[in-house]
Amino acid sequence: MTNIDVERIRNDFPVLHQTVNGHPLTYLDSGATSQNPISVLEAEQEYYEQRNAAVHRGAHTLAVEATEAFEAAREKVAAFVGAETDEIVWTSNATEAINLLAYSFSNASLGLGGPPARRFSLGSGDEIVVTEMEHHANLIPWQQLALRTGATLRFIPVLDDGSLDLLAAADVVGQHTRLLAFTHGSNVTGIINPVAELVALARKVGALVVLDACQTVPHLPVDVQALDVDFAVFSGHKMLGPTGIGVLFGKAELLADMPPFLTGGSMITTVNMQAAEFLAPPQRFEAGTQRISQAIALAAAVDYLSETGMDRVAAWEAQLGQRLVAGLAEIGGVRLLGPGVGVERLGLAAVDVAGVHAHDVGQFLDDAGIAVRVGHHCAQPLHRRLGVTASTRASTYLYNTTDEVDLFLATLAEVAPFFGVSAGATR
Amino acid sequence: MSDLQSLYQTIILEHSKERHGAATLTPLAEAVSRGAATGLSVAESHQINTTCGDEVTLRVSIAAGTVTDLVWSGEGCSISQASASILTDTLRGLSTDEARALLDNFREMLRSRGKIEPDEEILGDAAAFGGVSRYPARVKCAMLPWVAFEAALIETESR
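Chains as they are written, first to last, in our numbering: chain H, 408 to 834; chain B, 254 to 412.
Chain H extracted, bound-state conformation:
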């Protein structure tokens, strides 16, 4: 991909063509949420204009068409990540997907789901392992699961350069480990974790593996089967899709044995006043009226990404990511969180500007029409580990140009002088 291709892509994204505070919008916050191409917006509108109906119930024509489109979306998303169609469960977002797992395991620990679900049951003496770089969404549900079941939560520490301490990991993941949950790519440092190595540690002790793929499925070719993880989660709105939809991938044989999390309509076979029997996955985990328009729009987003080519997207963002860190290294008083130039990374970078709080940095950039994320990016433990309370993150996507990266860098260089901090100052 080149800047010329990007210009063509940008034409598909109406929101990018606007002025913010007197400047053309430079959107560098796709790590938080991405923008939508026209095809995604149209897919959602077309659904509401022509096919809106409840899925998996009713025999009328619209209900049949809605169900077909809803299930075709599942098939498309499954193929996009190398999963079988029935291994894809719709959720509201990735956070709910992780909570679905945690509460299903919690229910299994109470004896729900019978003998087949015992493999998910946790109790005193069992260990759940996460990492110090997790987004709160892949930390707090496991903290809470540990509290509910009496299991112990342990974590793989992060080194000074932001990468995982793999030597320590080999100790932390041990005979009591039942579950290993970690992020594929860090939303703060842009580090891509060595999935194969971590999966191997889990396999050695028979632990289940949960992969948070929120920052990778939108940006890299991801094949959950090739990665051999048991579960993976990602969110629609970070991959050109709408808000309100997330995805849980689970290996078919595991989903089959898991008790449900949310219960109610659309997930049962027979019901009497005392008890109910549940449908097979994925419906077992999809109680209530589903996110139909969102699933269909997400499928349109997947089409857009597939037609562009995930290899090309990944290569372009790798280029933007390297340009970011190379440029940041040239600005005095700016500390990059995580590894520097030449190390494989996602197309994002988070920095600490010495003497200027991230909120002020973000305000200065916004005045120039540049949208970035400031704060702890839902990763307080990682920030604490790296010795900062907050940072400023620029995150790119397939619609960002090298000029935008350069504008961000040039504007960032003006921050310290504006706030009267000499470059190279320390806090």
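Careful: at least some of the hints might be erroneous.
[As the list claims (entries may be wrong)] Covered stretches of chain H (chain B as the covering partner; in silico rule of three or more C-beta atoms under 8 Å from a C-beta of chain B):
no., stretch
1, 759 to 767
2, 775 to 784
3, 822 to 828
[To be verified] Here are the computed lysine to any residue pairs in the SDA-like style, where the Cα-Cα straight-line distance is at most 20 Å:
no., chain 1, residue 1, chain 2, residue 2
4, B, K270, H, T796
5, B, K270, H, E821
6, B, K270, H, S829
7, B, K393, H, G782
8, B, K393, H, T796
9, B, K270, H, A761
10, B, K393, H, D774
11, B, K270, H, G740
12, B, K270, H, F826
13, B, K393, B, A354
14, B, K393, H, D773
15, B, K270, H, F825
16, B, K270, H, V795
17, B, K270, H, G827
18, B, K270, H, P824
19, B, K270, H, V828
Rather than coming from a laboratory, the hints here were simulated on the basis of the structure. C-beta: ideal position from N, C-alpha, C; glycine also.
Given the coordinates of chain H, work out where chain B should sit on it, guided by the hints.
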């Protein structure tokens, strides 16, 4: 003056560095009992802005209805830190009624979305936060230490 310059007025940037009244706080219980021995009512309040993680702990000493001392510790953006610094200069020595009236005026101005011009006669240096009122996302930053003052003041009165 650009919008950004009106938000970050020189006096705000100076206070964010000078941090008047900023101190390492001694244990609260000690300060309370020491104060009680000398007729001071001491209380403090810790406030957090969850959107950005700004924190301010403000300790208030009241004697016979007058704000005699204000000290604080905190961390955050220039707006919140400058606001704490200016608060200590502005409210020290006022009666609690005067301090409350000033706080109400400050809050009303900040929430006006730029419609109310700050009254320098009343607000003094705190009038510099007039530009903040046009940035709704930053109003909380400027209010943080003032909310802490309000909470601490109520606590001194409940003792």
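Each hint tested on the structure:
With 5 residues bearing a CB less than 8 Å from a CB of chain B, the stretch 759 to 767 of chain H meets the requirement of three and the coverage assertion stands. Beta-carbon proximity to chain B at under 8 Å applies to 3 residues in the stretch 775 to 784 of chain H; the threshold of 3 is reached and the given coverage holds. Restraint check on the stretch 822 to 828 of chain H versus chain B: 3 residues with Cβ-Cβ distances below 8 Å, three needed, restraint holds. The straight-line distance between the Cα atoms of K270 (chain B) and T796 (chain H) is roughly 18 Å, inside the 20 Å bound, and the hint therefore holds.
With a CA separation close to 18 Å, the supplied pair K270 (chain B) and E821 (chain H) stays within the 20 Å bound. At roughly 13 Å between alpha-carbon atoms, K270 (chain B) and S829 (chain H) fall within 20 Å of each other, so this suggested pair holds. Of the pairs offered as hints, the one joining K393 (chain B) and G782 (chain H) holds, with about 15 Å between alpha carbons and a cut-off of 20 Å not exceeded. Using a Cα cut-off of 20 Å, the hinted pair K393 (chain B) and T796 (chain H) holds, with the two alpha carbons roughly 18 Å apart.
Distance hint between K270 (chain B) and A761 (chain H) is fulfilled; the C-alpha atoms sit about 13 Å from each other, no more than 20 Å. For a cut-off of 20 Å, the pair hint linking K393 (chain B) to D774 (chain H) stands: about 19 Å separates their Cα positions. Proposed proximity of K270 (chain B) and G740 (chain H) is supported: the alpha carbons are some 17 Å apart, at most 20 Å. Straight-line distance between C-alpha atoms of K270 (chain B) and F826 (chain H) comes to about 10 Å, which keeps the hinted pair within the 20 Å bound.
Distance check on the hinted pair: K393 (chain B) and A354 (chain B) sit about 19 Å apart at the alpha-carbon level, within 20 Å; holds. Distance check on the hinted pair: K393 (chain B) and D773 (chain H) sit about 18 Å apart at the alpha-carbon level, within 20 Å; holds. Our distance criterion of 20 Å between C-alpha atoms is met by K270 (chain B) and F825 (chain H), whose separation comes to about 14 Å. Between the alpha carbons of K270 (chain B) and V795 (chain H) the distance comes to roughly 18 Å, so the proposed pair stays at or under 20 Å and holds.
For the hint linking K270 (chain B) to G827 (chain H), the alpha-carbon distance of about 10 Å falls within 20 Å, and the restraint holds. Distance hint between K270 (chain B) and P824 (chain H) is fulfilled; the C-alpha atoms sit about 14 Å from each other, no more than 20 Å. For the proposed pair K270 (chain B) and V828 (chain H), the alpha carbon gap of about 10 Å is at most 20 Å, so the pair holds.
Of the numbered hints stated above, none is contradicted by the structure.
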